[in-house]
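Peer 1: On the provided structure of chain A, position chains B and C as indicated by the hints.
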Amino acid sequence: MALQSLDIIRRSATTLPEPEIRSGTGDVTVAKLIDTTKCIGCKACQVACMEWNDLRDEIGTNVGAYQNPPDLSASSWTLMRFAEVENTKGDLEWLIRKDGCMHCQDPGCLKACPAPGAIVQYANGIVDFHEENCIGCGYCIAGCPFDIPRISKKDHKAYKCTLCSDRVAVGLEPACIKACPTGALVFGTKEDMKLHAADRIEDLKSRGFENAGLYDPAGVSGTHVMYVLHHADTPHIYNGLPGKPHISNTVQLWKGITKPLALAAMALAALTGFFHYIRVGPNETDEGDEARAADEMAKTLNSPEKRP
Amino acid sequence: MTDLTRRQFLKITGATLAGSSLALLGFSASVAIAEVREFKLSRTTETRNTCPYCAVACGIVMYSLGDGSKNAKASIIHIEGDPDHPVNRGTLCPKGAGLLDFVHSPSRLLRPEYRAPGSDKWQPISWDDALGRIAKLMKEDRDANFVAKTPTGLTVNRWLTTAMLAASASSNEVGYLTHKVMRSFGVLAFDNQARV
Amino acid sequence: MTNHWVDIKNADVVLVMGGNAAEAHPCGFKWVTEAKAHNKARLIVVDPRFTRTASVADVYAPIRTGTDIVFLGGVVNYLLTNDKIQHEYVNNYTDLTFIVREDFSFTNGLYSGYNADTRSYQRATWDYELGGDGFAKTDPSLAHPRCVYQLMKQHYARYTPEMVARVCGTPQDKFLQICEMMASTATPTRAMTIMYALGWTQHSVGSQMIRTGAMVQLLLGNIGVAGGGMNALRGHSNIQGLTDLGLMSDLLPGYLNLPGEKMQTYKDFLASHNFKPLRPNQLSYWQNYDKFFISLMKAWWGDAATADNDWGYEYLPKLDKLYDMLQFFELMNQGQVHGFICQGFNPLAAAPNKAKLNLSLAKLKFLVVMDPLATETSEFWHNFGEHNDVDPSKIQTEVFRLPTNCFAEENGSLTNSSRWLQWHWKGAEPPGDARSDLQIMGEIFTRMRAMYRTDGGAFPDPIVNLSWPYANPNSPSPEELAREYSGKALKDLADPKDPTKVTRKAGEQLAGFAELRNDGSTASGCWIFCGAWGPTGNLMARRDNSDPTGIGQTLNWAFSWPANRRVLYNRASCDPSGKPFNPSRKLISWNGTAWAGADVPDFKADEDPTHGMGPFIMNAEGVARFFSRMFMTDGPFPEHYEPMETPLASNPLSPGDPRTLNNPAARVFDDDRKAFGKPDQFPHAATTYRLTEHFHYWTKHVRLNAIIQPEQFVEIGDALGKELGIASGDRVKVSSNRGYIDAVAVVTKRLRALQVDGKTLHHVGIPIHWGFKGLAKPGFIANTLTPFVGDANTQTPEFKSFLVKVEKL
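Residue numbers (the working numbering), protein chains in the order written: chain A, 39 to 346; chain B, 937 to 1132; chain C, 419 to 1227.
Treat the hints as calculated values from the structure; they're not laboratory data. Only a predicted model underlies this, so the values are computations on that prediction, with no experimental measurement involved. There may be inaccurate statements among the hints.
Not everything, but these chain C residues come out facing chain A in the computed CB check (under 8 Å) [what the hints assert, rightly or not]:
hint	residue
1	H805
2	D809
3	K1195
Quick list of the computed label-pair ranges, beta carbon to beta carbon [claimed, not checked]:
hint	chain 1	residue 1	chain 2	residue 2	range
4	B	G1068	A	S190	50 to 56 Å
5	B	D1020	C	D1136	44 to 50 Å
6	B	D1064	C	A924	34 to 40 Å
7	C	G1030	A	K243	46 to 52 Å
8	A	K192	B	D1064	42 to 48 Å
9	B	D1020	C	S602	31 to 37 Å
10	B	D1020	C	G1030	42 to 48 Å
11	C	S602	A	E229	33 to 39 Å
12	A	G281	B	R1047	55 to 61 Å
13	C	W843	B	F975	22 to 28 Å
14	C	K1140	A	S190	36 to 42 Å
15	C	T605	A	E240	23 to 29 Å
A virtual CB, placed ideally from N, CA and C, is assigned to each residue, including glycine.
Excised from the complex, chain A in its bound form:
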């Protein structure tokens, strides 16, 4: 069993093969199951996440909704999203979904990441960010089919849920799982989670939710965070959960061919930046800079598309 494993099976921007010999115990992985049908949207998971990970997001404002903070951020790695939906019988359903990293088996973030070792995947399925190696380029955001990672304004590094890899490594469940008051969050081997979900789906069907089902999308080869949905036929009604998530073709292409080219360009940019820093000190970017950078990138990658 490799449930607490720190063995790395994949590492961003690294071509050296990972050690593989320890996989002899079998490829058992972990998973978090989010049962939206038991979730009451209490946000205990949000608080437990911040508390355990020593994060404190800003005290913001109310924007006319229960959802708070208003979006995921470098300090909010998970977030309850609320949707009020009237069903076909005319009854209201308040669909509440805990959003956060899905820990894809085929992680788009890792594939897109140009910084060696900034994103790793452990043998137990956890996809972890190692911020000390992060260069803040944001490619992981582009690579993520679920729009999860966020770049910190404080240190320009990317952050997201680690599935409490520090807890799992010592044999504990993640902080959100432990806190969840109603058992909407459960954690265990992926196989056990699928069995648990099957029980839940049977119960839901007995209550009239004919389309109850498990969300474990094949487009990313399955995920280590799965949902039980009352309406698995329409995941988008859960505040835009993608129906068929997959890694963007561009990222796939980038991973295969253009990444080495871009890495060279980035090294150049870094060097330029370094000289700039030496000469005039730290600089703040403005929109013009960013537009120029985009332009630069387009040229570097020799895009066949015409710029608007």
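Peer 2: Chains B and C alone, transformed into the frame defined by chain A:
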């Protein structure tokens, strides 16, 4: 974001590149040694307590710095649910999960304060002066307003001009002592937060 | 709670009404999700708002705030009309067969004995007809026109599904669907639990709402059984304990009464607490009242409480009326209260009508606040702009603010809503110079005592004679106090059956209240807690969570009052012969010689069931009461009255009589009556409530909670939003006749417009958690809006139903 057009991808990646080029200096500075964050509770001291908020009374475990030895000053660094507790079984709600920030709230009161009549600010006062003054004010009020008998001659031994509201989050021991003391003074205007 | 949190997993149907358990008690609510997942339970939610609890319910029905008696009265009517009652249970374990006095009457909303001038009832007629033997008369055939069954049937015949729809605004089909689901538990093998909280208590008819719920449960045979019960969720961590300990104007510890002034001697007092059985062979356990009372007096006054001085009876202050919180703020406002001590309580935020509270506090000579946090009350004199617009120079109150430790920094016990006393341990020292409440109360007492000893003063006796045996008189320890309220033998106690045997040596802790005596040989500061710290030690600190039967009965976890019993009235889980109604969820049973099982029997342990002792052993009848006799101030059957501020002009249940529009027996002070608003100016029904992200006014001081719910808001329905041109995120002003708040609007489908008495009515939802102190965004105190009036029985403020007007800012 089910799919990404090539243009969107370039826009995101390019835009952030400009902001991050300095960070790239670290690009080749280290060889990645992938390691999870250090587990932070290994040698902390565990103390069992009860969540002070609602009456579900979830069991909690408080983790504090130090092993209890004489020269270590305990400070609570983390709180989570007690897995042995029959009701919460380790779970906590968003309030219980945030208890650490209650213990260390910047609103915690640290020393006695006094506000003089007509004043618009607090001033410090010692415990001795505060308690001495409070006891004196209470005795003066009790002696001046105690009702031993009603005009019709009933013995009633009551003191109605000082009132007390007790918490409903303080312990049984505090509640018991408070009740014993206040009734010995003859206070009737006495209530707790059972209703609100 | 009659039952306990984990027991909810045994329910087949769960009704959450007058509460929002998922929001306010998420970790207890887990046992509802467990019942759903593993017991195929169905969850019903009835609430003016589609709540977080409703989000996981099988059925949700909306209801107009303040009309729950109509809904539940409608359920009673449905159950009686359709004969969906558990006959064996109600015939044997309730007063359905009892015959009521001939002079009792009920006419168009008023019971016999009403006095409109005093707004109260003379309640003598609200009783049973007694026979020559002194016992109540009964008719087992239920045919007698004045038996409780017939009276109740007649009373609730008016509560038709049409009336429910008209008054509550609940669609009839939803109401009937819910009736049917509830009725499914009338069979002995199915149970329903009712979970309620402040959504029932905080009305001018709150106590009667709860009674109506209890009546539904009795009809269905759901009291005393696993998975059943009437379960008050309770707000604060020790609201149960502080009430058990009698911290109210009219109580002593253990639900003993503080004497009224007419009871001049202990003999008078005891005579007024006569619990002579009303039926043959009933236990009527309150007959032991004097043992409990004398043991309390010995705990408080020790050797100074003797048989000769009536155990110190004159040391106790005597009541002329209730001095509940509303009453003494009224007196404070009249300038009659000079000193005020707030211990861990923030009334400026928590009590109704903030403007009145500001005026009242400013009339004090001195205010003492003990708290771990900087509360609004402690700074009522400080100008915080619109949120607290006062002029400090005009306020002459001296204020002391004393820092106290928090939960993490003390040892002690708290009593949860399951009645479990659980011990907790200190993990760190309090910050700065903060001290424990025990030390503060201890020092106030020893300083007062020293002055009375040396200088004398008004009636020093109860102060200088108070038993104060603590090792450090200035700071009694939690352990010393726990042993004291639990109780000990003061002399060697002899076995009543064999006087040569000593059952308990002088100085030993007692194992339970059965050992208490009325001769001064025992001391116990709170009889219902007796045994919590017994001869074997502190049972509150027990941590064995084993559950041998698997139905959630962890008898060796902590201590549950009374007598470590987990489900009250558990004798009623068995049929009259002593066999469990539901063998798969067996609590106790009769084994031929004794009662035993998975719980401590709530019954005489060796009482043969054939002798007919009833399961409700605290009642003189031995059975549960549908007809509450004279024990409620506002009527023996619950009757619907409108909230004090109502959108209706007439009560549809008793039309045409202005006296019965609102609760005719509720106490209303003149200035507060003048401050009530009318629907022409304030057309929307408002209700206040808590959010799961926050706890009262504490967690706005807690960064993690301020992050997840940072700023004050109010909720309005889509329809009202459209009518007033308000979108989510807009700022709105909400006013009542007592003041206004402004806040962000959350416009939602979850608050729908209701059709009430032929008109469209909108609700406005007002979460309470903001104020002018703390880390969250400063806001208005929600109780600026609420009316200063309480329930007729408990004086719990009517926070859940009042009238407001909403405007876009």
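Peer 1: For each hint, tell me whether it holds in the structure or not.
Peer 2: Hint check:
The criterion of a C-beta within 8 Å of any C-beta in chain A is not met by H805 (chain C), whose closest approach is roughly 16 Å, and the hint is violated. The closest approach between the C-beta of D809 (chain C) and any C-beta of chain A is roughly 30 Å, which is over the 8 Å cut-off, so the hint fails. At about 7 Å, the closest approach between the beta carbon of K1195 (chain C) and any beta carbon in chain A falls short of 8 Å, and the interface hint on this residue holds. For G1068 (chain B) paired with S190 (chain A), a C-beta distance near 53 Å keeps the hint of 50 to 56 Å intact.
The beta-carbon spacing between D1020 (chain B) and D1136 (chain C), approximately 46 Å, falls within the hinted interval of 44 to 50 Å. With their beta carbons about 39 Å apart, D1064 (chain B) and A924 (chain C) fall inside the hinted range of 34 to 40 Å. One distance hint, 46 to 52 Å for the beta-carbon pair G1030 (chain C) and K243 (chain A), holds here, with the actual separation near 49 Å. The hinted window of 42 to 48 Å between K192 (chain A) and D1064 (chain B) holds, with their beta carbons roughly 47 Å apart.
The given range of 31 to 37 Å is respected by D1020 (chain B) and S602 (chain C), whose C-beta atoms sit roughly 36 Å from each other. A hinted range of 42 to 48 Å holds for the C-beta pair D1020 (chain B) and G1030 (chain C), which are about 43 Å apart. Taking 33 to 39 Å as the suggested C-beta distance range, the pair S602 (chain C) and E229 (chain A) conforms, at roughly 37 Å. The given range of 55 to 61 Å is respected by G281 (chain A) and R1047 (chain B), whose C-beta atoms sit roughly 60 Å from each other.
With their beta carbons about 24 Å apart, W843 (chain C) and F975 (chain B) fall inside the hinted range of 22 to 28 Å. For K1140 (chain C) paired with S190 (chain A), a C-beta distance near 41 Å keeps the hint of 36 to 42 Å intact. In this structure the supplied range 23 to 29 Å holds for T605 (chain C) paired with E240 (chain A), their Cβ-Cβ distance being about 25 Å.
The structure is inconsistent with the numbered hints 1 and 2, although it conforms to all the rest.
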